[in-house]
Amino acid sequence: MSDAQTSGVDERVKQQSSLRKALIRPELGGICGTVIVFILFFLFAGDSGMFNSQGVMNWSVVSAQFMIIAVGACLLMIAGEFDLSVGSMIGFSGMMIAIFGVTLGWPIWLAIIVTFLMAMAIGWVNGMIVVRTGLPSFIVTLAFLFILRGFTIFLPQVIERKTIIGGIKDAAEGDWLGVVFGGKILKGFFQWLGDNGVIATFERGTRAGEPVVDGIPMLIVWAIVLVILGHVLLTRTKFGNWIFAAGGDAEAARNSGVPVNRVKISMFMFSAFCATVFATCQVMEFGSAGADRGLLKEFEAIIAVVIGGALLTGGYGSVVGAALGALIFGVVQQGLFFAGVESSLFRVFLGVILLGAVILNTYIRRIITGER
Amino acid sequence: MAEPIIRMTNIEKHFGSVIALAGVSVDVFAGECHCLLGDNGAGKSTFIKTMSGVHQPTKGEIYFEGEPMNFGDPRDAISAGIATVHQHLAMIPLMSVSRNFFMGNEPEKKVGPFKFFDHEYANTVTMDAMKKMGINLRGPDQAVGTLSGGERQTVAISRAVHFGAKVLILDEPTSALGVRQTSNVLATIDKVRKQGIGVVFITHNVRHAMAVGDRFTVLNRGKTLGTALKGEIQHEELQDLMAGGQELATLEGSLGGTV
Numbered sequence: 006m007s008d009a010q011t012s013g014v015d016e017r018v019k020q021q022s023s024l025r026k027a028l029i030r031p032e033l034g035g036i037c038g039t040v041i042v043f044i045l046f047f048l049f050a051g052d053s054g055m056f057n058s059q060g061v062m063n064w065s066v067v068s069a070q071f072m073i074i075a076v077g078a079c080l081l082m083i084a085g086e087f088d089l090s091v092g093s094m095i096g097f098s099g100m101m102i103a104i105f106g107v108t109l110g111w112p113i114w115l116a117i118i119v120t121f122l123m124a125m126a127i128g129w130v131n132g133m134i135v136v137r138t139g140l141p142s143f144i145v146t147l148a149f150l151f152i153l154r155g156f157t158i159f160l161p162q163v164i165e166r167k168t169i170i171g172g173i174k175d176a177a178e179g180d181w182l183g184v185v186f187g188g189k190i191l192k193g194f195f196q197w198l199g200d201n202g203v204i205a206t207f208e209r210g211t212r213a214g215e216p217v218v219d220g221i222p223m224l225i226v227w228a229i230v231l232v233i234l235g236h237v238l239l240t241r242t243k244f245g246n247w248i249f250a251a252g253g254d255a256e257a258a259r260n261s262g263v264p265v266n267r268v269k270i271s272m273f274m275f276s277a278f279c280a281t282v283f284a285t286c287q288v289m290e291f292g293s294a295g296a297d298r299g300l301l302k303e304f305e306a307i308i309a310v311v312i313g314g315a316l317l318t319g320g321y322g323s324v325v326g327a328a329l330g331a332l333i334f335g336v337v338q339q340g341l342f343f344a345g346v347e348s349s350l351f352r353v354f355l356g357v358i359l360l361g362a363v364i365l366n367t368y369i370r371r372i373i374t375g376e377r
Numbered sequence: 150m151a152e153p154i155i156r157m158t159n160i161e162k163h164f165g166s167v168i169a170l171a172g173v174s175v176d177v178f179a180g181e182c183h184c185l186l187g188d189n190g191a192g193k194s195t196f197i198k199t200m201s202g203v204h205q206p207t208k209g210e211i212y213f214e215g216e217p218m219n220f221g222d223p224r225d226a227i228s229a230g231i232a233t234v235h236q237h238l239a240m241i242p243l244m245s246v247s248r249n250f251f252m253g254n255e256p257e258k259k260v261g262p263f264k265f266f267d268h269e270y271a272n273t274v275t276m277d278a279m280k281k282m283g284i285n286l287r288g289p290d291q292a293v294g295t296l297s298g299g300e301r302q303t304v305a306i307s308r309a310v311h312f313g314a315k316v317l318i319l320d321e322p323t324s325a326l327g328v329r330q331t332s333n334v335l336a337t338i339d340k341v342r343k344q345g346i347g348v349v350f351i352t353h354n355v356r357h358a359m360a361v362g363d364r365f366t367v368l369n370r371g372k373t374l375g376t377a378l379k380g381e382i383q384h385e386e387l388q389d390l391m392a393g394g395q396e397l398a399t400l401e402g403s404l405g406g407t408v
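Just so you know, the sequences run in chain order A and B. Position one of the first sequence corresponds to residue 6 (our numbering), numbered consecutively onward. Position one of the second sequence corresponds to residue 150 (our numbering), numbered consecutively onward.
Any given hint might turn out to be false.
[Unchecked claim] Examples of chain B residues toward chain A, derived with CB under 8 Å: (1) SER174; (2) MET240; (3) ILE241; (4) PRO242; (5) MET244; (6) GLY253.
[Said to hold, decoys possible] Counterexamples of contact, computed for chain A against chain B with all Cβ distances above 12 Å: (7) PHE56; (8) LEU147; (9) LEU316.
Hints listed in this document are in silico derivations from the structure and should not be mistaken for laboratory results. Note that the structure is predicted; figures quoted are calculated from it, not measured. The beta-carbon is built from N, C-alpha and C at its ideal position, and this holds for glycine as well.
Construct all of the structure, not just a fragment, from the sequences and the given hints.
What follows is the structure, given as structure tokens:
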């Protein structure tokens, strides 16, 4: 052994600056992006109502929607796979709840539970096909993107002769599980805020005196709970280590006794679960299910995850980062509307930020793995 | 010496019509470094795969600590205490050293009804184990990707040792390394041997074998050409045995004895 190694410091390892150290945290891009986006909109849309109670609720709900599917996509991507069927799964799950709950007249709680089981079974099939055949998940889930969307359009047309099934609000009235997805919490607190003039209240009409924003929708609660659960699972548990390992190098993980197939399949199921949470909240809010719901959501989820610092090749990423990616997404999409910018420019923004994020991630990956 | 940890006698392994091993006998004692030498295609890989439970022998017996053993799959061998460090390491470059160290064997601590990855324990153990082997990490969260090839070998070896290996099989650990890194790995092998672990060191580099080996077994065309003790055999003899003698002798003449 050389002197350098026995004396405790290797002279060949340069001291890393703390900036460089911070750079290799996967959330960094997300944190910077969030700060920049908020500063920009404060400056350009600060007086447009974007930051009053309705405005905040508006972009929070949109961000929360992105977050729910981003958590599933994030864990799956870290495990080394993609799920392109997320958007179709959203449409399909919503439609199944409507068919079970309205057309067949089942109680909503039963419709929701059966739909969740179906969705997770489809996620399991996705995972099994990927793991057993060794095909890229990109292709397998692309097939399911079309299969599920096809059924989502076909079934309501055959059963109800239309592509939108309504009447879910009435069916879900007073249902204990419906409230878990469609209800609101902290209503008393918001009433109190309204009474004290902190937030806006209705000035006339039947709801005069009630706050315009009367509670936090369960959608946001689900988003926060899923982000926390996903983060703890990934960073603080044995299973989280397996997720990183499965995506980092499946063969090496197998040699070390990690049940790679089980990990990947359960992540496909989790992705389907998240899509169904999204769908259920949406169906409860709108009171109807449409055949075109969830279009392109799979790409939006993947973009949020990539903005959050995850590598497309797997093995690296962060749930908190993905959540910030989703927040950026929601704030910008709604913020452009508040700022009065043509909304089609949102897509331009999306493309640019995606490209930037991927380039940054590749650079970060080079730092971590020490490639030159 | 007493009973060998593992004794394999007259092992034969056939793959269809191909006879990969045609009667190989090797035994490994605690605290020795047994070098297994052979040229490409001599059957080294097949043999160690048989020892580590990947292949089941067509004929022959395996005794582990005196008891006849039949490893059904690698897990049996691992739980008995036979660890293999592969040429292609079971290491993930993007993950930290401590996460890699405990991959598949994660320590857990209970908080209420939930079980969490015990990072504190994992980090301390990893830093200690690395220090013992003479590697100073920047921190336990340093990614394996930033380590050199030799350091990665050392992480893999100390991981196997930490998880109670009695026999450590090293499959060509020095074949892709530079001079300095090679000597680090050889020093690691020496440290492991002194802890009473039996090391099986597979290589086709006689120089590396002579540096740390206690005994040498040469494989050629699926057969053992005998086992020699350190000091009983010369560098050139080993080289000749590996290559099957004849051709290399003439080759060596033309190369001026440099091989």
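Evaluation of the provided hints:
1. Hint status for B/SER174: violated, given a least beta-carbon distance of 28 Å to chain A, over 8 Å.
2. The interface hint given for B/MET240 is met, as the beta carbon of that residue sits about 6 Å from the closest beta carbon of chain A, less than 8 Å.
3. Look at B/ILE241: its Cβ gets to within about 4 Å of chain A, closer than 8 Å, so that hint holds up.
4. Below 8 Å, beta-carbon pairs count as interface contacts, and B/PRO242 has one with chain A at about 5 Å; its hint therefore holds.
5. For B/MET244, the shortest C-beta to C-beta distance to chain A is roughly 5 Å, which falls under 8 Å, so the interface hint holds.
6. Annotation: B/GLY253 was flagged as interfacial toward chain A, and the flag holds, the nearest CB pair being 4 Å apart, inside 8 Å.
7. No Cβ of chain B comes within 12 Å of the Cβ of A/PHE56; the nearest lies about 38 Å off, and the non-interface call holds.
8. No Cβ of chain B comes within 12 Å of the Cβ of A/LEU147; the nearest lies about 26 Å off, and the non-interface call holds.
9. Its closest Cβ contact with chain B, about 8 Å, brings A/LEU316 to no more than 12 Å, contrary to its assignment away from the interface.
Violated hints for the displayed structure, listed by number in ascending order: 1, 9.
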